[in-house]
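*Asks:* Sequence:
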Amino acid sequence: MNYWLMKSEPCTFGLSHLQQAPHQTSFWDGVRNYQARNFMRDNMKLGDLAFFYHSNCQTPGIVAIIEIDKTAYPDATAWDPNSKYYDPKSTLENPRWVGVDVRLKQAFSNPISLAALRQQPALDTMLILRRGNRLSITPVTPLEWETVLTLQTEVL
DNA sequence: GCCAACGTTGGC
DNA sequence: GCCAACGTTGGC
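Here this note's numbering is used: position 125 in the first sequence is 126, and no number is missing along the way.
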């Protein structure tokens with residue numbers, strides 16, 4: 002099993018959207034970066050766990066744990082001319098972009114802020130904390146995963 | 001709103 | 001294949 006961190010702007014798709022989705026499950030669409038796509042397409046397995054990270058908002062940070070509910074399949078928003086994710090180079094025969102289904106596993110009652118993550122020396126290696134990193138999907142090591150969990154004081 | 005850092009594009 | 005220009009990201 003693998004661990005991941007998946008980043009989203011809460012005004013576009015945040016924890017509240019996922020909580021209100023049927024079965025608290027949603028297609029993770031709109032990824033338009035090849036490296037992030039390759040992680041989803043090639044490495045994400047059913048049952049993998051990911052941190053749900055809110056970016057570009059008042060308090061950036063990890064707000065929940067989500068689980069990969071369905072492995073990668075074509076992202077239909079790339080075919081929709083009315084979508085802001087439209088990409089004319091993605092065809093039905095040769096889809097360029099993919100997404101996965103994610104299911105909410107645990108919403109943190111106390112989200113772990115970016116500032117709190119930065120205070121942890123053990124998390125220096127986390128890609129999300131690396132200077133200039135912009136990848137919306139990044140792998141997380143088991144050690145990093147456990148370290149983040151220890152910061153989550155609220156148990157259930 | 002600012003700006004550093006990065007990815008993508010396209011001319012050559 | 002190089003690289004300048006441009007667009008985007010995202011913390012602050």
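No lab work stands behind these hints: they were computed from the structure. All values derive from a computational prediction rather than experimental measurement. We treat Cβ as the ideally placed atom computed from N, Cα and C, and that holds for glycine. Check each hint, because a few of them may be wrong.
As the list claims (entries may be wrong) - DEER-style ranges, computed between Cβ atoms:
#1 Pro89 to Arg131: 40 to 46 angstroms
#2 His18 to Lys46: 23 to 29 angstroms
#3 Asn83 to Ala123: 18 to 24 angstroms
#4 Asn34 to Leu130: 14 to 20 angstroms
#5 Arg131 to Thr60: 17 to 23 angstroms
#6 Pro23 to Asp125: 21 to 27 angstroms
#7 Leu93 to Pro122: 36 to 42 angstroms
Unchecked claim - For lysine-lysine, the following BS3-like pairs were computed, each having C-alpha atoms within a straight-line distance of at most 25 angstroms:
#8 Lys46 to Lys106
#9 Lys85 to Lys106
#10 Lys106 to Lys90
#11 Lys71 to Lys106
*Asks:* Taking the numbered hints from earlier one at a time, note which ones the structure violates and give those numbers from smallest to largest.
*Replies:* Hints 1, 3, 6, 7, 9 and 10 are the ones this structure does not satisfy, whereas the remaining hints hold.
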